[in-house]
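Participant: Knowing the structure of chain S, use the given hints to seat chain E with the ligands on it.
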Amino acid sequence: MPTKIEKDEYTGKETTGHEWDGIKELDTPLPRWWVNVWLVCIAFAAVYALLYPSIPLGSTYWKGILGWSSSQAVAKSVAEMNARHAALMKRIGELPIMQVAADPKLKEVALEAGRIAFAENCQPCHGQAGVGRVGYPPLDTNFWLWGGTLPDIQRIIMYGIRSGDSKAHESQMPAFGHDGILKPAQVTTVAHYVATLFGIEKPGPTTAAGYKLFEDNCAACHGPKGQGNQTGGAPPLASRVHLYGDTLAAIEYQINTPRGGVMPAWHTRLDAGTINSLAIYVHALGGGE
Amino acid sequence: MGVMETRRRVPKADQPPAQSSSLYANRVRVYPRAVKGLDRRIKWAILAFCLGVYYLLPWLCWDRGPGRPSQAVLLDIATERFFFFNLEFWPQDVFYLAGLLVLGAVALFLVTSLFGRLWCGYTCPQTVWTDAFMAIERWIEGDRNERMRRDQRAFGLNRQGLDKAWRKLSKHAIWLAVAFWTGGAWIMYFADAPTTVVQFWSGTAPAPIYIYTFLFTATTYVLAGWAREQVCTYMCPWPRFQAAMLDEQTVTVTYQAWRGEPRGHHLKLDTAAGARLGDCVDCMACVHACPTGIDIRDGIQLECINCGLCADACNEIMGKLGRAKGLITWDTLARQNARKAGREEKLHLWRPRTFVYLGVLLVAVSAMGTALAMRPHTAISVAHDRMPLFVRLTNGDVRNGYVVDISNKMGRPADYVLTLTGPKGLTARPAGVMQLHLPADSIKELRVWVSAPPESAHGSQKLLFQLHNLTNGEKIRYESVFIGPR
Ligand code: SF4
Ligand code: SF4
Numbered sequence: 001m002p003t004k005i006e007k008d009e010y011t012g013k014e015t016t017g018h019e020w021d022g023i024k025e026l027d028t029p030l031p032r033w034w035v036n037v038w039l040v041c042i043a044f045a046a047v048y049a050l051l052y053p054s055i056p057l058g059s060t061y062w063k064g065i066l067g068w069s070s071s072q073a074v075a076k077s078v079a080e081m082n083a084r085h086a087a088l089m090k091r092i093g094e095l096p097i098m099q100v101a102a103d104p105k106l107k108e109v110a111l112e113a114g115r116i117a118f119a120e121n122c123q124p125c126h127g128q129a130g131v132g133r134v135g136y137p138p139l140d141t142n143f144w145l146w147g148g149t150l151p152d153i154q155r156i157i158m159y160g161i162r163s164g165d166s167k168a169h170e171s172q173m174p175a176f177g178h179d180g181i182l183k184p185a186q187v188t189t190v191a192h193y194v195a196t197l198f199g200i201e202k203p204g205p206t207t208a209a210g211y212k213l214f215e216d217n218c219a220a221c222h223g224p225k226g227q228g229n230q231t232g233g234a235p236p237l238a239s240r241v242h243l244y245g246d247t248l249a250a251i252e253y254q255i256n257t258p259r260g261g262v263m264p265a266w267h268t269r270l271d272a273g274t275i276n277s278l279a280i281y282v283h284a285l286g287g288g289e
Numbered sequence: 290m291g292v293m294e295t296r297r298r299v300p301k302a303d304q305p306p307a308q309s310s311s312l313y314a315n316r317v318r319v320y321p322r323a324v325k326g327l328d329r330r331i332k333w334a335i336l337a338f339c340l341g342v343y344y345l346l347p348w349l350c351w352d353r354g355p356g357r358p359s360q361a362v363l364l365d366i367a368t369e370r371f372f373f374f375n376l377e378f379w380p381q382d383v384f385y386l387a388g389l390l391v392l393g394a395v396a397l398f399l400v401t402s403l404f405g406r407l408w409c410g411y412t413c414p415q416t417v418w419t420d421a422f423m424a425i426e427r428w429i430e431g432d433r434n435e436r437m438r439r440d441q442r443a444f445g446l447n448r449q450g451l452d453k454a455w456r457k458l459s460k461h462a463i464w465l466a467v468a469f470w471t472g473g474a475w476i477m478y479f480a481d482a483p484t485t486v487v488q489f490w491s492g493t494a495p496a497p498i499y500i501y502t503f504l505f506t507a508t509t510y511v512l513a514g515w516a517r518e519q520v521c522t523y524m525c526p527w528p529r530f531q532a533a534m535l536d537e538q539t540v541t542v543t544y545q546a547w548r549g550e551p552r553g554h555h556l557k558l559d560t561a562a563g564a565r566l567g568d569c570v571d572c573m574a575c576v577h578a579c580p581t582g583i584d585i586r587d588g589i590q591l592e593c594i595n596c597g598l599c600a601d602a603c604n605e606i607m608g609k610l611g612r613a614k615g616l617i618t619w620d621t622l623a624r625q626n627a628r629k630a631g632r633e634e635k636l637h638l639w640r641p642r643t644f645v646y647l648g649v650l651l652v653a654v655s656a657m658g659t660a661l662a663m664r665p666h667t668a669i670s671v672a673h674d675r676m677p678l679f680v681r682l683t684n685g686d687v688r689n690g691y692v693v694d695i696s697n698k699m700g701r702p703a704d705y706v707l708t709l710t711g712p713k714g715l716t717a718r719p720a721g722v723m724q725l726h727l728p729a730d731s732i733k734e735l736r737v738w739v740s741a742p743p744e745s746a747h748g749s750q751k752l753l754f755q756l757h758n759l760t761n762g763e764k765i766r767y768e769s770v771f772i773g774p775r
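Residue numbers (the working numbering), protein chains in the order written: chain S, 1 to 289; chain E, 290 to 775.
Among the clues, some could well be false.
[To be verified] Keeping only pairs whose Cα atoms sit at most 30 angstroms apart, straight-line, the calculated DSSO-like set for lysine-lysine is:
#1 S/K107 <-> E/K733
#2 S/K212 <-> S/K202
#3 E/K325 <-> E/K453
#4 E/K764 <-> E/K751
#5 S/K225 <-> E/K713
#6 S/K90 <-> E/K733
#7 S/K90 <-> S/K105
#8 E/K325 <-> E/K609
#9 E/K751 <-> E/K713
#10 E/K629 <-> E/K614
#11 E/K635 <-> E/K614
#12 S/K202 <-> E/K713
#13 E/K609 <-> E/K629
#14 E/K733 <-> E/K764
#15 S/K63 <-> S/K90
#16 S/K13 <-> E/K629
#17 E/K460 <-> E/K325
#18 E/K733 <-> S/K105
Simulated from the structure, these hints should not be mistaken for lab results. Every value quoted in this text rests on a predicted model; they were computed, and no experiment measured them.
Isolated chain S, as found in the complex:
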């Protein structure tokens, strides 16, 4: 503030004493109501800071008189949302799955609920949107070990595979190489034949021998044309999609020391509505039969 109050010659107003290139700034005071609004805002902020979490205090913070917290608010609205959907989810769980899928409204809810449940429970193994990876089957293509209809999928989710549950799917491929059922040269021969089934190898001099070995050892489960058998969980071999890789080495490995994954039974962890939703979601990923 200037010590001496100076008046502008033309307007008769006071100046602030600031001067730039000979131009002086007039002192045009704020209207008082404006200042009052500003003071009210400050008072509001003070009250707000008292009521709500606001001030950091070292490792903790001022929690506010109202005790409001954003995480509680989220938990509350999630609970509210679940309560709102409870009746629908109950219906989805109670009705036969084919009926749920046939009802557009229920199906819409199931797809959304399934998407969320999939991301939380299934994605770690089967990948985002069910793309699968080595040892974990893709769910978005027409490759099914145990069947790809809605009831098939529903059953697999409920009881799992080799999960120890009494209703789980069980299967075990003999370790042809490791247990000496086939000699190493025979393993190579039959592996080469299998590779011709889906086109990564061309038929050669050993193919006929391979075919013979295949008929004797493999066709019982995998089918005479390698088309697989969903009742026994034998994967199709005449397929571009393979659970453990589609290279010659991967096939040989599998004949020597077969692997078989475990899928947990989910009926002990998820409610029926969620399981049916998951089945409908997985079925709609693109491969459903």
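Facilitator: Only chain E with the ligands this time, still in chain S's reference frame:
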């Protein structure tokens, strides 16, 4: 004396020294006096028109067929539609709003460069409602002098005190009622008007309706009843930059200083010095009529909203004195400066600036009009799956997934044929050529799977979705991609 020079008020030598310096200024209350005249009549007419449209428009009906809203203007938030007579807009059409705002801005520039702040003086909601509230005030509390006198008095249990009390009470009650009507009418644009009124008074309306009605009631009451010219002087951005649109050829409300100065009251005239006085008799009628409380004789200034009421007030006086009217009138700075120098100058309404504004306006209007007239009533949008980009099937085929959205923006059901073309040998699920039927005003979402044999599924290729609306003949297309391994 030119217009600019009239601002110079050299303080007299014997003026008392500076008042105590304060950081804040108390508001100077403005008590505008009623005036009669041409500008006032135009202002009343515009006010009646604007308020009439605002209050009554939501009640106008428009038949759109069974099951569809029958309100002529409705921004239906629940169904995300904006109905405007026979037009219907979807959220995707929001660029028409952008276009409308551009039109509004350019039209404002054009009008302002031609005739100054006409918007402020005649059509701005702040002005219209303030004017209406002032009229109510004048009706109950009387004109300027009476109001000023009454405000000096105290409330109390005597005749004068009670008189003040009932007048103030009824004024605020009516203000609040008008404000409430204003806030309520606003809500009517967003929900079916008759239903909302019934819901509102039976206490069953959704909470937002009450909240917004209260909010707009409060803002109307405060802004038009209490804040008035303070909004224009301190809050509104428009006065800050409207100067960029004005020049010396702009027609604005001006005081004809060349004719009015030196001002003075003729009865107290001292002709000894041979001074000839101008036409301004310094009666202050223009100042007392001004809704922003300024003196137009100081020249064009930020606070002036160009309402012309001072011109009306001055004309009344000039009429009584038998002098030529138009001492305060609509004129340009250039013409006044010319007059001061004894010349006459023509109006220059058409200058490069106004031509540019007009040109932009015409281009924008025709672009908008064409876009509106040719607006398609069918829309298709296709989202190609990204996770995964493609899927390998057991027979080696490559499959891509798409989410296709088809919109029927017509008020009646329609039939469509959707055709897919792309890589050689493609097969599609549900089908490569699909017959579709969409109900009126609806969107259909389709999950479409497209597969191609391995030999024709390399890299990224075009996949074309062609949609033919059989009902109105429109044909549109959407180009998406089909992706396979490299
Ligand atoms: S200054 Fe702003 S609020 Fe006042 S009349 Fe003009 S546009 Fe409206
Ligand atoms: S000076 Fe005249 S035109 Fe400007 S706001 Fe006041 S009355 Fe209206």
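Participant: Are the hints correct? Go through all of them and say.
Facilitator: A quick look at each hint next to the structure:
For the hint pairing S/K107 with E/K733, the CA-to-CA distance comes to about 15 angstroms; that is within 30 angstroms, so the pair holds. With a C-alpha separation of about 17 angstroms, the suggested pairing of S/K212 with S/K202 holds against the 30 angstroms cut-off. Restraint check for E/K325 and E/K453: satisfied, since their Cα atoms lie roughly 27 angstroms apart, inside the 30 angstroms limit. For a cut-off of 30 angstroms, the pair hint linking E/K764 to E/K751 stands: about 19 angstroms separates their Cα positions.
Between the alpha carbons of S/K225 and E/K713 the distance comes to roughly 28 angstroms, so the proposed pair stays at or under 30 angstroms and holds. Between S/K90 and E/K733, the direct Cα distance comes to roughly 27 angstroms. Compliance with the 30 angstroms bound is thereby established for this hinted pair. For the hint pairing S/K90 with S/K105, the CA-to-CA distance comes to about 14 angstroms; that is within 30 angstroms, so the pair holds. About 13 angstroms separates the Cα atoms of E/K325 and E/K609, which keeps this hinted pair within 30 angstroms; it holds.
Taking the CA atoms of E/K751 and E/K713, the gap is about 11 angstroms. The hint holds against a cut of 30 angstroms. Between the alpha carbons of E/K629 and E/K614 the distance comes to roughly 18 angstroms, so the proposed pair stays at or under 30 angstroms and holds. At roughly 20 angstroms between alpha-carbon atoms, E/K635 and E/K614 fall within 30 angstroms of each other, so this suggested pair holds. Taking the CA atoms of S/K202 and E/K713, the gap is about 25 angstroms. The hint holds against a cut of 30 angstroms.
About 26 angstroms separates the Cα atoms of E/K609 and E/K629, which keeps this hinted pair within 30 angstroms; it holds. Of the supplied pair hints, the one linking E/K733 and E/K764 holds, its CA atoms being roughly 17 angstroms apart against a limit of 30 angstroms. Between S/K63 and S/K90 the CA atoms are separated by roughly 38 angstroms; this puts the pair beyond 30 angstroms, and the hint is violated. At roughly 29 angstroms between alpha-carbon atoms, S/K13 and E/K629 fall within 30 angstroms of each other, so this suggested pair holds.
Of the pairs offered as hints, the one joining E/K460 and E/K325 holds, with about 23 angstroms between alpha carbons and a cut-off of 30 angstroms not exceeded. Only pairs whose Cα atoms come within 30 angstroms are accepted, and E/K733 paired with S/K105 is accepted, the gap being roughly 14 angstroms.
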